[in-house]
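Colleague: One line per chain: the protein sequences are Z and C, in this order. If you read the first sequence in my numbering, its first letter stands for residue 95, the second for the next number, and so on. If you read the second sequence in my numbering, its first letter stands for residue 11, the second for the next number, and so on.
There's no promise every hint is true.
Stated by the list, open to error - Each computed DSSO-like pair below joins lysine-lysine, with the alpha-carbon atoms no more than 27 Å apart:
{"no.": "1", "chain 1": "C", "residue 1": "209", "chain 2": "C", "residue 2": "240"}
{"no.": "2", "chain 1": "Z", "residue 1": "505", "chain 2": "C", "residue 2": "153"}
{"no.": "3", "chain 1": "Z", "residue 1": "451", "chain 2": "Z", "residue 2": "336"}
{"no.": "4", "chain 1": "Z", "residue 1": "505", "chain 2": "C", "residue 2": "122"}
{"no.": "5", "chain 1": "C", "residue 1": "153", "chain 2": "Z", "residue 2": "494"}
{"no.": "6", "chain 1": "C", "residue 1": "165", "chain 2": "C", "residue 2": "177"}
{"no.": "7", "chain 1": "Z", "residue 1": "494", "chain 2": "Z", "residue 2": "509"}
{"no.": "8", "chain 1": "Z", "residue 1": "509", "chain 2": "C", "residue 2": "153"}
{"no.": "9", "chain 1": "C", "residue 1": "122", "chain 2": "Z", "residue 2": "509"}
{"no.": "10", "chain 1": "C", "residue 1": "165", "chain 2": "C", "residue 2": "114"}
{"no.": "11", "chain 1": "C", "residue 1": "79", "chain 2": "C", "residue 2": "32"}
{"no.": "12", "chain 1": "C", "residue 1": "114", "chain 2": "Z", "residue 2": "505"}
{"no.": "13", "chain 1": "Z", "residue 1": "505", "chain 2": "C", "residue 2": "136"}
Stated by the list, open to error - Covered stretches of chain Z (in silico footprint by chain C; criterion: 3 or more residues with CB under 8 Å from a CB of chain C, positions within the stretch not fixed):
{"no.": "14", "segment": "465 to 475"}
{"no.": "15", "segment": "483 to 490"}
Stated by the list, open to error - Residues of chain Z clear of chain C, computed beta-carbon distances all greater than 10 Å:
{"no.": "16", "residue": "116"}
{"no.": "17", "residue": "135"}
{"no.": "18", "residue": "336"}
{"no.": "19", "residue": "415"}
{"no.": "20", "residue": "494"}
{"no.": "21", "residue": "508"}
Rather than coming from a laboratory, the hints here were simulated on the basis of the structure. We treat Cβ as the ideally placed atom computed from N, Cα and C, and that holds for glycine.
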Amino acid sequence: MSGLLQQISLPGGQIPWLDEMRRRGRAAFEAAGIPTAKTEAWKYTKPRELGGDDFVLSLPRPDLRAPQPELPFAAYRIYFENGIFNPAQSVLPQGVEVLPLIEVIMFRPRERALINAALRLEDFPFAALNSAYLNEGVFIHVDSRVELKRPLAVIYHTDSAEQNLFYNLRNLILLEEYAAAELIEYHCYDGALKSRYLANIVNEVYLRRGACLRHYKVQNEAFKANHIALNYVDAAAGAAYKAFCLQKGANIARNETHVLLKEEGASAEVNGAYLMNGWATLDTTTDIEHLAPCTVSHQLVKGVIGGDAKGVFQGRIHIAPGAVRTEGNQLHKALLLSDTAEVDVKPELEIFADDVKCSHGAASGELDEEQLFYMRSRGIGEEEARRLLIDAYLDDAISKIEDEKVAAWIKLMAK
Amino acid sequence: MTTPLLEIEDLYARVCDKEIVKGFNLTINEGEVHAVMGPNGAGKSTLSNILCGKPGYEVTSGSVRFKGKDLLAMSPEERAREGIFLAMQYPVEIPGVPVTTFLKHAVNAIRKHRGEPELDTMDFVKMVREEGRRFRLDAEMIKRPVNVGFSGGEKKRLEALQMAVLKPDFAILDEADSGLDIDALKVVADGVGALRDGKRSMLIITHFQRLLDHIVPDFVHVYADGRIVKSGGRELAAELEEKGYAEFERAK
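Extracted from the complex, chain Z is given alone in its bound form:
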């Protein structure tokens, strides 16, 4: 076995329309190929060597029972082992469903129609690849006016042994009118550090009128792993999507968030932080489309880059004709800890409407020598002083997380 496109038999392969969904993905990926430096959307983040890697597609292993990582807050838990959904999970409250995605694909045409409904596969090569393997993942459904009291924690635990595992996950998240939920994604690992597994994840999120999803993610993959995630969000009138992503693991990772603010009053907050060393490339890419009047978006992303690592931030705000009285703000800041650390930033504002408030900003700098000396002159060791200043640097971004317990956990994870 090798390569990214492998011939394997997937459930429902004999069903023509399902086969067609996968075929479309395969065709789009074959047409686009693995992105290179010439691919505009990937010019800073090269998915290095993926073509040559000997990938082993992840299959269910009944013997795999890794200890489930603890979370320091109460949550409903959804668990993936090596990219395979483990249906043993918390008892969910009424009005909330969590089902294997394949069940929804097979038996629920209304929800099945949401998969790849707006996603242009030719623009997203990894989502196309993901579609070629469409099978694994969950459907999360919150009924109208149901408000979840505890977060839903989706834990992705990978133990790839010596192999270069490869898995594709598709989650479909649907919040009906005025539903409210908090989703935590935690990507963690055990086992051989050398493995260069590839996690390729697509979350399709549909927020109906007035719904609110808080989506908090921690990406802490093994240090040679590859992590590629696309969050594709469709927000109806008055719906709110509030996201935060901390990236600190993986060798190459991209967390891409594409939000369609489709109707009046929809809003999005896409915040994040990343923390890296070694030779990693951590990429945060956002694309917020304001398609209706009175839509609002805010973005604050802060990075700390050491060693020979590279941070990438690409952020686009698009204001469509007629999307008047909208507001879109974006700020990216990076702290460079070494001479060889690098940050590439590409902000884009496209404004086709009048009466809008838009801003973007980017800054990069180093630790302040005066602040370091001030702390050291009080007896605080140099390393500890640097640590405190880095924590402080990320603090305002992490503090955007509304759930205080989760914010406290993410602050700890960012140490």
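With the hints as your guide, set chain C onto chain Z.
Modeller: Frame of chain Z; chain C shown alone:
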């Protein structure tokens, strides 16, 4: 009876290839309060920065011993842990780091150095709050990030509060009175004065006499052109206030 705490011998130092300190000598014994006075631009702050190990200052010759140890060989944090404290002329703002967090790390680093156990957080916060009251910094202020949004006077009071919490053996007050109104000056001076216990030593660097009315020094030195040009008792401060520094500047 007298134990030397700090011994500076024939110190020469430069900043950016410019000789600023030129043959400085000073010995401070345990429990003594010395004042170094001098015209602006004489390099008074250079002296305090060298003693605290601020990067960017090059000592070209001479020696500094603190409690008998080679001070110049120590990192800034080692000097602080050995018991040196600098109340800065321009305290630095540190956004995102609350005063309590900052001080807790400092106190525990010093305690660890002395082989003492770390302080319990509750006890620590209580202690800082109590000290804060003495310097008229309320509980709300000590939760805020270090010096961020503090007025000039509040920054100086926070320096004094840090000194009270860290309890150094030797404190340098660099222009501790600049930017203070009369009331704030009294708060700082009374607080610092209360730390004078016959064992702790201080070096007060100032341009004016007014702080010395509150913290009366044992010795006064006139600093001009990189060295001490005259030493005397407390009466020298009054003399300087009256006559100014013109005489010494001419002596260059």
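Colleague: For the segment 465 to 475 of chain Z, count the residues whose Cβ lies under 8 Å from any Cβ of chain C; is that count three or more?
Modeller: holds (count 10)
Colleague: If you draw a straight line from the CA of residue 505 of chain Z to the CA of residue 136 of chain C, is it 27 Å or shorter?
Modeller: With a Cα-Cα distance of about 25 Å, the restraint between residue 505 of chain Z and residue 136 of chain C holds, given a limit of 27 Å.
Colleague: Regarding the pair residue 509 of chain Z and residue 153 of chain C, is the alpha-carbon distance no greater than 27 Å?
Modeller: Holds: residue 509 of chain Z and residue 153 of chain C sit about 21 Å apart, inside 27 Å.
Colleague: Checking one constraint from the list: CA of residue 451 of chain Z to CA of residue 336 of chain Z, max 27 Å. Satisfied?
Modeller: holds, 20 Å
Colleague: Quickly compare the C-alpha distance for residue 494 of chain Z and residue 509 of chain Z to 27 Å and report which way the hint goes.
Modeller: Distance ~17 Å between residue 494 of chain Z and residue 509 of chain Z Cα, so the pair holds.
Colleague: Would residue 116 of chain Z pass as off the interface with chain C, using Cβ distances and a cut of 10 Å?
Modeller: Given that every Cβ of chain C is farther than 10 Å from that of residue 116 of chain Z, nearest at about 48 Å, it holds.
Colleague: Are the Cα positions of residue 122 of chain C and residue 509 of chain Z separated by 27 Å at most?
Modeller: Answer holds: residue 122 of chain C to residue 509 of chain Z is near 22 Å, not above 27 Å.
Colleague: Hint check: residue 114 of chain C vs residue 505 of chain Z, CA-CA at most 27 Å. Holds or violated?
Modeller: Since the Cα atoms of residue 114 of chain C and residue 505 of chain Z sit roughly 18 Å apart, the hinted pair holds (cutoff 27 Å).
Colleague: Quick one: work out the minimum CB distance from residue 494 of chain Z to chain C and report holds if it exceeds 10 Å, violated otherwise.
Modeller: holds, 14 Å
Colleague: Would the pair residue 153 of chain C and residue 494 of chain Z pass a check requiring their Cα atoms to be no farther apart than 27 Å?
Modeller: At roughly 19 Å apart (the allowed maximum being 27 Å), residue 494 of chain Z and residue 153 of chain C satisfy the hint.
Colleague: Does residue 122 of chain C lie within 27 Å of residue 505 of chain Z when you go C-alpha to C-alpha?
Modeller: holds, 25 Å
Colleague: Residue 209 of chain C and residue 240 of chain C were given as a pair; does the straight-line alpha-carbon distance stay at or below 27 Å?
Modeller: Within the cut-off at roughly 25 Å; holds.
The structure agrees with every numbered hint stated previously.
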